[in-house]
Amino acid sequence: MNILITGASGLLGRSVFKQLDANPDFSATGTAFSRAGERLLKLDLTDGVALRKTLCKIQPQVVIHCAAERWPDRCAENPDEAWQLNVRSTQQLAQLCSQTGAQLVYISTDYVFDGSAPPYSVEDTPNPVNFYGRSKLAGEQAVLENGDHWVLRLPWLYGPVAHLHESGVTALQETVASGKPATLDHWAIRFPTSVEDVARVLEQCLQMAAAGTRFSGIYHWSGDTPCTRYELAHIVARACGLDAAHLSADPEPQFAEPRPYNCQLDKSRLVQMGIAGGEPLETQLARHLKPFLNSGWGK
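Going left to right, the sequence shown walks through residues 1 to 299 as UniProt numbering numbers them.
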């Protein structure tokens with residue numbers, strides 16, 4: 001099965017490409033733009049002609065669309081650019097996939113919900129509270145209206161990072177390791193989710209699809225540990241053998257762009273299909289973060 005992965009130089013895309021590339025049942029091709037290099041095709045997703053040429057050249061059966069503007073504050077600051085990547089390019093990709101016979105897997109977010117009534121099933125009505133969530137919801141609609149494609153919603157991602165600030169989860173190690181007093185959000189509840197787990201989930205889905213299982217509509221996947229940013233910092237501290245006594249909790253939301261309170265995703269649709277996750281949060285954080293303790297925090 002030929003698989004094309006957009007955003008393969010990013011946090012999620014790297015793990016998805018690595019996982020599928022190691023599977024002899026798949027022929028994986030990754031694309032990137034600013035960080036294209038060895039084994040990754042340079043592709044500007046806003047260039048329709050280049051996009052069509054790439055699909056015609058690779059002839060994928062499945063396209064996994066990881067590329068996105070995923071930082072809420074950055075989306076609010078640059079709405080036109082975010083909409084172009086998260087919505088318009090996604091719509092064009094969905095249309096081209098339908099025309100070339102490929103199925104598109106669109107990576108979306110828990111931020112399509114307002115966080116007021118968790119847990120959220122795939123049938124629940126979205127109500128995003130910020131521009132990022134609205135752009136991803138519009139991307140979902142563009143995908144589902146333009147072919148037999150499917151959507152995978154995910155929460156707060158972490159995993160192997162090129163630098164600590166590539167993920168808001170791993171960035172907390174710098175705050176913890178500094179030993180300097182810091183006040184962290186203790187209001188919004190998040191569910192840190194491993195990109196390596198997501199990559200394995202996608203691999204399992206594609207194997208099932210190759211065996212005849214039909215995937216369509218919307219699916220959810222999530223880590224199992226609920227935590228605020230303050231609570232996560234303490235988990236990071238335990239994972240790295242660090243002290244967290246210098247950290248304080250802020251029970252009031254303090255965000256430049258609005259955030260939902262608790263967008264817990266109900267992942268039962270995939271679990272009932274036999275899809276399984278991986279190691280506990282603290283175990284995975286220890287593996288990903290400890291190398292940075294000996295290298296200046298990965299700055």
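Everything labelled a hint here was simulated from the structure, so no lab data went into it. All values reported here derive from a predicted model rather than from experimental measurement. One should not assume that every hint holds.
As the list claims (entries may be wrong) - Restricting the straight-line Cα-Cα distance to at most 30 Å, the calculated cross-link-like pairs of lysine-lysine (BS3-like) are:
no.: 1; residue 1: LYS42; residue 2: LYS53
no.: 2; residue 1: LYS57; residue 2: LYS18
no.: 3; residue 1: LYS18; residue 2: LYS290
no.: 4; residue 1: LYS18; residue 2: LYS42
Claimed, not checked - Label-pair distances were calculated between CB atoms; the ranges are:
no.: 5; residue 1: ASP44; residue 2: GLY179; range: 25 to 31 Å
no.: 6; residue 1: GLY179; residue 2: PRO79; range: 33 to 39 Å
no.: 7; residue 1: GLN207; residue 2: ASP148; range: 51 to 57 Å
no.: 8; residue 1: GLY274; residue 2: PRO251; range: 37 to 43 Å
no.: 9; residue 1: ALA276; residue 2: PRO251; range: 32 to 38 Å
no.: 10; residue 1: ASN2; residue 2: GLU257; range: 17 to 23 Å
Ideal Cβ placement from N, Cα and C applies to all residues, glycine included.
Exercise. Taking 30 Å as the top limit, are the C-alpha atoms of LYS57 and LYS18 close enough?
Worked result: Status holds; Cα separation ~21 Å.
Exercise. So the hint says 25 to 31 Å: do the beta-carbon atoms of ASP44 and GLY179 match that?
Worked result: violated (43 Å)
Problem set entry | Status of the given 37 to 43 Å range, CB of PRO251 versus CB of GLY274 | holds (40 Å)
Problem set entry | Given hint LYS53 paired with LYS42 - CA-CA distance at most 30 Å | Within the cut-off at roughly 12 Å; holds.
Exercise. Given the hinted pair LYS18 and LYS290, is their alpha-carbon gap at most 30 Å?
Worked result: holds (21 Å)
Exercise. Are GLN207 and ASP148 spaced within 51 to 57 Å by their CB atoms?
Worked result: The hint (51 to 57 Å, Cβ to Cβ) is violated, given that GLN207 and ASP148 are roughly 19 Å apart.
Exercise. Has the hinted range 32 to 38 Å been met by the Cβ atoms of ALA276 and PRO251?
Worked result: Taking Cβ atoms as reference, ALA276 and PRO251 lie about 35 Å apart, which means the hint holds.
Problem set entry | Distance restraint evaluation - ASN2, GLU257, Cβ atoms, bounds 17 to 23 Å | Since ASN2 and GLU257 have Cβ atoms about 38 Å apart, the given range 17 to 23 Å is violated.
Exercise. Given the hint that LYS18 pairs with LYS42, does the C-alpha gap stay at or below 30 Å?
Worked result: holds (17 Å)
Problem set entry | GLY179 paired with PRO79, Cβ distance criterion 33 to 39 Å | holds (38 Å)
Hint compliance for this structure: hints 5, 7 and 10 are not met, and every other hint is.
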